[in-house]
Amino acid sequence: MSTRTTTVTITHCTTVGPADPLAALQLAHACGAPIEWVAELAEAGILQPQALRLEDWRFDGSDLRRALNARRLQRDFDVGLDAAALILDLQQEVRRLKALLG
Amino acid sequence: MDFKDYYSALGVERTASEDEIRKAYRKLARKYHPDVSKEPDAETRMRDVNEAWDVLGSKEKRAAYDALAERVRSGRSAGPDFGGSGAGGGFQPPPGWDEGFEFHRGAGHAGPADHADFSDFFSSVFGAAERRNAARQKYRAKGDDHHAAIEVPLEFALQGGEREITLRAMELNDQGEPEFVTRTLRVNIPRAVRPGQYIRIAGQGLPGHGGEPAGDLYLEVRIAPHPLYRVEGQDLSMDLPVTPSEAALGAEVEVPLPGGGTGAVRVPPNARAGLKLRLKGRGLGGDLYLVLAIALPPADSDAARSAYEQLAKATAGFDPRRQLAAAGAFA
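Chains as they are written, first to last, in our numbering: chain S, 4 to 105; chain Z, 487 to 817.
It is worth saying that the hints were derived from the structure and are not from the lab.
Here a beta-carbon is modelled for each residue, glycine too, at the ideal position from N, C-alpha and C.
Any given hint could be a false lead.
[To be verified] Covered by chain S, according to a simulated footprint, are these stretches of chain Z (three or more residues, beta-carbon under 8 Å):
no., stretch
1, 685-693
2, 771-780
[Stated by the list, open to error] Below 27 Å or equal to it, Euclidean Cα-Cα: the simulated BS3-like pairs (lysine-lysine) are:
no., chain 1, residue 1, chain 2, residue 2
3, Z, 766, S, 101
4, S, 101, Z, 517
5, S, 101, Z, 762
6, Z, 524, Z, 545
7, Z, 545, Z, 513
8, Z, 513, Z, 524
9, S, 101, Z, 524
10, S, 101, Z, 513
11, Z, 766, Z, 799
Using the sequences and the hints, build the whole thing.
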């Protein structure tokens, strides 16, 4: 199989965060999931959007991390979202404690 | 490119049932989970396991894979050397091998975006087949977003700047033939990026289908471990060793600063080990904390020994184990 090589200079990129948050549809797309799944994550408390309407929801980098981890837990172990929420909280706590250990 | 033995990647027999394959996968997914795994190559192993599961966990892909393995086996006198590096290093899927098999997007268990991280073997066998199927069905959709990690030294993260990242993907060329495309992206990383942040680059994900735009690329920032500084969110911290006299009497000491250069820090009198001194604005967007550690000068000369003896006499009322006695340890 042949190989082609290209070089692209990226002139614009953003850091996912309060200044450049992700909308619900973008978060869903980043996780390879439908938008309804984002609503399910919010219902399970994995995501805590501040706005009422789904189209006004905005997410930062830590939301993206939680969503990606939740998707992975679903894929790997078929866990329900409530169990995933607990696992994610424990995971976050383990990482925090590990960081304190240096 | 070697022929990949997905059965041995999951540690199952070729005759394993769907249930046995699922169980083997879950066991390995736990073993190589990044939060619990003690294996140094957990990430690579997990990718192999995911790839094997993507194929063997899907009926249609497993059937196609078995047929391909059979074809390769019967087509060679010695047969393929599954899993070994001795397969001649030149495995190529026979042209048209996948005729009669339909691969649906997302039929596997991993999302299509995960496929981009899979091996060249996977891409050339299943990636090509999937893209051909999508093209045949005139399927239209925006390309999937792709995820990759970028590790930078702390000094780089503080200042930001240009960084190159190389990604490899399987695409169909104008003639509809699969080819590997190696893309080198020159990305301007903003200053003060923190570990765990995501940099989003629009339009640099996987190619779209039926003329739709490509997806986005997300780069997860990682910061290489630094010998001096630890990253804690926006802040940095560093252990600052001081002598007992510096801690007791107070002192001004020089410390290296993360961005280069040094700074003078005032250690207050009667400072304890573990005391945190803050240097404002010297972190990753936050502050730099210096955590005091008391380093004892060795009593390796008469002068040093006599100085320690004098200190002991002068502070005879000081009992460092008072708390132990109060807690009843010596009762």
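Against the structure, the hints:
1. 685-693: Since 5 is at least three, the answer is holds.
2. 771-780: As far as the stretch 771-780 of chain Z goes, the hint is violated, because 0 residues have Cβ atoms under 8 Å from chain S.
3. Z:766 - S:101: holds, 25 Å
4. S:101 - Z:517: OK: residue 101 of chain S and residue 517 of chain Z at ~19 Å, within 27 Å.
5. S:101 - Z:762: Holds: residue 101 of chain S and residue 762 of chain Z sit about 19 Å apart, inside 27 Å.
6. Z:524 - Z:545: violated, 33 Å
7. Z:545 - Z:513: holds, 20 Å
8. Z:513 - Z:524: Distance of about 15 Å is within 27 Å: holds.
9. S:101 - Z:524: Given that 27 Å is the threshold and the Cα spacing comes to 14 Å, the pair holds.
10. S:101 - Z:513: holds, 24 Å
11. Z:766 - Z:799: violated, 40 Å
Checked against the numbered hints given earlier, the structure breaks hints 2, 6 and 11 and satisfies all the rest.
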